[in-house]
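Colleague: Residues per chain are reported as follows:
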Amino acid sequence: MTRTQLRLALAFLLPLAALGILVFFLLNRGHTLMGSPVPPVEKLTITRALFRPQAIEVRVLNNGPIPATVAQVMVNDALWEFSAAPSATLPRLGQTVITIPYPWVNGEPHNIGIITATGLKFQKQVEVAALAPSPSLRAFGFFALLGTYVGVIPVLLGLLWFPFLNRLGEHWFDFFMSLTAGLLIFLGLDALKEAFEVSGRLPDLFKGVAIIAAGTAGSFLLLIAVSQKLSKRLTGRSAGFLLAYMIAIGVGLHNLGEGLAIGAAYVLGEVALGAFLVIGFTIHNTTEGLAIVAPLTQSKPPLRHFLWLGLIAGAPTILGTWIGGFTYSDPASVLFLSIGAGAIFQVVREVIRYRARGTPLLQALGTPVNFSGLLCGFLIMYVTSLFVAA
Amino acid sequence: MVSRREFLKYGLGGTAALGAATLAAGAGGQISGHAPASSGLGHSVMIPKVPRTLGDFNPMAFLTSFDYGRVQRLSDGTTLREYRIVAQDKEIEVAPGVKFPAWTYNGTVPGPTLRCTEGDLLRVHFTNGGSHPHTIHFHGIHPANMDGVSEIVPTGGTFTYEFHAEPFGLFLYHCHVMPIKAHIHKGLYGAFIVDPAQPRPPAREMIMVMNGFDTDLDGENEFYTVNGVANYYAAHPIPIKAGELVRVYLVNLTEFDLINSFHLHANMFRLYRTGTSLTQYEYTDTVMLCQGERCVLEFTYKYPGKYMFHAHQSEFAELGWMGFFEVTNSTGVV
Numbered sequence: 001m002t003r004t005q006l007r008l009a010l011a012f013l014l015p016l017a018a019l020g021i022l023v024f025f026l027l028n029r030g031h032t033l034m035g036s037p038v039p040p041v042e043k044l045t046i047t048r049a050l051f052r053p054q055a056i057e058v059r060v061l062n063n064g065p066i067p068a069t070v071a072q073v074m075v076n077d078a079l080w081e082f083s084a085a086p087s088a089t090l091p092r093l094g095q096t097v098i099t100i101p102y103p104w105v106n107g108e109p110h111n112i113g114i115i116t117a118t119g120l121k122f123q124k125q126v127e128v129a130a131l132a133p134s135p136s137l138r139a140f141g142f143f144a145l146l147g148t149y150v151g152v153i154p155v156l157l158g159l160l161w162f163p164f165l166n167r168l169g170e171h172w173f174d175f176f177m178s179l180t181a182g183l184l185i186f187l188g189l190d191a192l193k194e195a196f197e198v199s200g201r202l203p204d205l206f207k208g209v210a211i212i213a214a215g216t217a218g219s220f221l222l223l224i225a226v227s228q229k230l231s232k233r234l235t236g237r238s239a240g241f242l243l244a245y246m247i248a249i250g251v252g253l254h255n256l257g258e259g260l261a262i263g264a265a266y267v268l269g270e271v272a273l274g275a276f277l278v279i280g281f282t283i284h285n286t287t288e289g290l291a292i293v294a295p296l297t298q299s300k301p302p303l304r305h306f307l308w309l310g311l312i313a314g315a316p317t318i319l320g321t322w323i324g325g326f327t328y329s330d331p332a333s334v335l336f337l338s339i340g341a342g343a344i345f346q347v348v349r350e351v352i353r354y355r356a357r358g359t360p361l362l363q364a365l366g367t368p369v370n371f372s373g374l375l376c377g378f379l380i381m382y383v384t385s386l387f388v389a390a
Numbered sequence: 001m002v003s004r005r006e007f008l009k010y011g012l013g014g015t016a017a018l019g020a021a022t023l024a025a026g027a028g029g030q031i032s033g034h035a036p037a038s039s040g041l042g043h044s045v046m047i048p049k050v051p052r053t054l055g056d057f058n059p060m061a062f063l064t065s066f067d068y069g070r071v072q073r074l075s076d077g078t079t080l081r082e083y084r085i086v087a088q089d090k091e092i093e094v095a096p097g098v099k100f101p102a103w104t105y106n107g108t109v110p111g112p113t114l115r116c117t118e119g120d121l122l123r124v125h126f127t128n129g130g131s132h133p134h135t136i137h138f139h140g141i142h143p144a145n146m147d148g149v150s151e152i153v154p155t156g157g158t159f160t161y162e163f164h165a166e167p168f169g170l171f172l173y174h175c176h177v178m179p180i181k182a183h184i185h186k187g188l189y190g191a192f193i194v195d196p197a198q199p200r201p202p203a204r205e206m207i208m209v210m211n212g213f214d215t216d217l218d219g220e221n222e223f224y225t226v227n228g229v230a231n232y233y234a235a236h237p238i239p240i241k242a243g244e245l246v247r248v249y250l251v252n253l254t255e256f257d258l259i260n261s262f263h264l265h266a267n268m269f270r271l272y273r274t275g276t277s278l279t280q281y282e283y284t285d286t287v288m289l290c291q292g293e294r295c296v297l298e299f300t301y302k303y304p305g306k307y308m309f310h311a312h313q314s315e316f317a318e319l320g321w322m323g324f325f326e327v328t329n330s331t332g333v334v
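Chains as they are written, first to last, in the numbering used here: chain A, 1 to 390; chain B, 1 to 334.
Derived by calculation from the structure, the hints in this document are not laboratory data.
All of these numbers come straight from a predicted model, not from anything done at the bench.
Any given hint could turn out to be false.
Derived BS3-like pairs (lysine-lysine); straight-line CA-CA distance at most 27 angstroms [what the hints assert, rightly or not]: (1) B:306 x A:121; (2) A:121 x B:99; (3) B:241 x A:124; (4) B:49 x B:90; (5) A:43 x A:124; (6) B:99 x B:302; (7) A:207 x A:300; (8) A:121 x B:302; (9) A:124 x A:229; (10) B:99 x A:43; (11) A:43 x B:49; (12) B:181 x B:90; (13) A:229 x A:300; (14) B:302 x A:124; (15) A:300 x B:90; (16) A:43 x B:306.
Based on the sequences and whatever the hints tell you, model everything.
Modeller: Quick look at the structure:
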């Protein structure tokens with residue numbers, strides 16, 4: 001190591017060393033600095049409740065400032081025996097799984113309460129108790145089916161609009177590209193809204209809003225970098241190809257987040273299945289296929305591309321339901337939803353740029369055709385969402 | 001787009017529903033009772049383990065402990081009984097592992113069961129060792145200045161309550177400093193028995209003070225108990241003998257809830273409301289008491305075995321107000 005390198009290293013370490021000394025001082029003498037200490041309050045959060053045969057399995061997180069011990073457990077206001085693994089005492093940020101051999105009733109709401117050694121009570125209300133899927137082959141298959149219905153099939157159906165768009169002719173192209181932008185903006189906002197909703201039930205500790213900001217900005221900027229690298233080499237027809245794939249990737253990332261939320265909600269007992277809603281979702285998500293296929297008009301892509309585009313956009317839903325259903329965590333859900341949102345917004349930018357060809361973005365949107373296309377996009381999303389909103 | 005949660009509430013239908021139905025198939029058996037032996041359906045399984053003593057408090061000993069005071073015979077033939085009661089802040093264990101920052105008389109919740117005979121002169125020397133002002137307010141007949149309402153005893157202060165015990169019956173005492181709700185739910189109360197001059201027939205006697213604990217201080221009880229520890233007598237059944245007369249002095253000091261109750265299994269009891277009469281009020285198996293009400297119960301078990309007693313409000317029972325009598329026949333066999 002040369003002298004300059006050594007100096008550089010020392011310059012880097014100096015603030016760290018000073019910080020270490022300060023922390024040491026505060027740990028040892030801090031209480032005298034702060035005056036008489038008010039005892040900190042325990043805080044436990046039940047992050048997940050799973051219903052197993054003859055038992056309820058509850059995951060508890062200590063997101064308070066001090067260690068806490070689970071002393072008693074109650075279900076629907078009845079004290080019940082329980083076992084805790086690894087331990088009933090949770091260090092700060094520690095997790096434990098509490099198993100309660102409670103004869104729960106299928107389809108009914110259940111309130112689970114834990115009481116700490118200092119008598120504080122923390123509760124979780126489960127709306128509908130349903131047997132949690134264990135990672136069996138059958139459960140995998142069930143979630144795959146779910147994802148296929150919600151994600152893959154609708155997107156593929158939407159792609160079938162290609163012949164129609166292709167026959168419309170050039171003058172309609174601007175309109176449908178703006179419409180695509182409208183569809184995608186709606187989708188992106190929805191993903192963001194969903195991310196905020198899930199982050200709302202995250203313990204404060206996880207800083208949900210920071211996750212959303214990082215996920216959205218991160219995926220937005222990353223995709224910009226990727227598209228800049230690729231688009232330099234592509235022009236004309238292949239640029240439309242690239243855009244279609246970019247949209248598919250954006251929609252796919254969005255659907256991953258959506259799948260995660262679906263799988264999780266299923267496991268968390270927020271599910272009562274019925275035929276009506278799968279129909280609504282199929283209609284609604286078909287618009288995603290339309291968005292992907294719009295930039296491909298005026299070209300004659302081989303059939304396999306449609307299959308690929310459909311899978312890229314739709315299959316992540318299946319992956320999402322698996323992850324969400326078997327290893328669900330709220331923070332991961334927030335992250336994936338915001339990554340999806342960022343990706344969608346980047347794709348919107350690409351769509352608008354594609355038509356703008358050098359004119360500023362907002363100016364390109366200002367033309368009557370583009371504007372009405374955008375509005376139609378919103379409208380389609382809004383109306384089809386009514387099918388699901390029940 | 002649409003909220004995924006709304007979506008899921010209404011369901012996925014068709015094939016998906018089929019899948020869900022197969023997944024959920026096991027759950028139906030939960031209700032119809034095909035539960036394996038290991039399930040939590042039996043009371044004995046459900047009740048948490050409770051240690052015999054919690055800190056220095058043994059509810060089994062408390063059950064049959066009566067404080068008769070320091071006794072002196074006065075020249076006019078009156079019996080003088082002197083009691084010492086100290087209010088103190090103390091952390092107690094109200095359910096296994098759950099600590100409660102209580103205010104106590106003599107370190108326990110409920111406080112000691114004071115006992116005397118009608119006509120006795122009582123002197124209760126009260127010292128307030130707690131962090132807040134307290135008093136002792138006795139039920140029964142006595143002068144206004146002995147009522148423990150206006151003569152508030154500050155931290156470190158003392159007061160001597162002096163009055164004649166009348167009439168006979170089952171009473172209670174508690175702190176009467178405002179806010180009374182706080183002083184009572186924190187634990188400042190106990191039972192006070194005045195025996196009739198002509199004693200009741202000999203029996204196996206026990207005190208049961210029904211109460212609740214609001215451990216997270218939100219104005220609702222987390223635990224309900226008799227004599228201060230949730231599920232204690234369920235984990236440690238009270239031993240009695242078949243044919244033996246049992247007398248329970250039952251006092252309700254539950255805060256926040258309007259009423260509490262006592263139900264005896266597989267038996268009936270003679271009920272003496274407030275214990276102020278030796279004529280039975282009713283022959284029943286369930287009695288309901290408002291906060292502050294109390295009664296004397298007498299019963300005899302005919303058959304040996306394990307019999308439950310509990311609040312007949314199921315919620316209270318399942319939050320700790322549950323117990324057993326273990327009845328043995330005279331040879332000691334269950």
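Colleague: Taken at face value, is the distance from the CA of residue 99 of chain B to the CA of residue 121 of chain A at most 27 angstroms?
Modeller: Holds: residue 121 of chain A and residue 99 of chain B sit about 12 angstroms apart, inside 27 angstroms.
Colleague: Taken at face value, is the distance from the CA of residue 121 of chain A to the CA of residue 306 of chain B at most 27 angstroms?
Modeller: 33 angstroms, violated
Colleague: With the threshold set at 27 angstroms, check whether the alpha-carbon distance from residue 43 of chain A to residue 306 of chain B stays at or below it.
Modeller: With a Cα-Cα distance of about 41 angstroms, the restraint between residue 43 of chain A and residue 306 of chain B is violated, given a limit of 27 angstroms.
Colleague: Holds or violated: residue 99 of chain B and residue 43 of chain A, Cα atoms, limit 27 angstroms.
Modeller: Distance of about 16 angstroms is within 27 angstroms: holds.
Colleague: Is the Cα-Cα distance between residue 49 of chain B and residue 90 of chain B 27 angstroms or less?
Modeller: It holds: about 23 angstroms lies between the C-alpha atoms, which stays within 27 angstroms.
Colleague: Measure nothing beyond the straight line between the CA atoms of residue 124 of chain A and residue 229 of chain A; if it is 27 angstroms or shorter, mark the hint as holding.
Modeller: 48 angstroms, violated
Colleague: Taking 27 angstroms as the top limit, are the C-alpha atoms of residue 302 of chain B and residue 124 of chain A close enough?
Modeller: 46 angstroms, violated
Colleague: For residue 43 of chain A and residue 49 of chain B, compute the direct alpha-carbon distance and say whether it is at most 27 angstroms.
Modeller: Holds. Residue 43 of chain A to residue 49 of chain B sits at ~25 angstroms (cutoff 27 angstroms).
Colleague: Given the hinted pair residue 300 of chain A and residue 90 of chain B, is their Cα-Cα distance within 27 angstroms?
Modeller: 84 angstroms, violated
Colleague: Is the straight-line distance between the alpha-carbon of residue 121 of chain A and that of residue 302 of chain B 27 angstroms or less?
Modeller: Between residue 121 of chain A and residue 302 of chain B the Cα gap is close to 43 angstroms, so the pair fails against 27 angstroms, i.e. violated.
Colleague: With a cut-off of 27 angstroms on the C-alpha distance, tell me whether residue 229 of chain A and residue 300 of chain A pass.
Modeller: Holds, at roughly 25 angstroms.
Colleague: Hey, residue 207 of chain A versus residue 300 of chain A, does the alpha-carbon distance stay inside 27 angstroms?
Modeller: Distance ~48 angstroms between residue 207 of chain A and residue 300 of chain A Cα, so the pair is violated.
Going through the hint list in order, the structure does not satisfy hints 1, 3, 6, 7, 8, 9, 14, 15 and 16.
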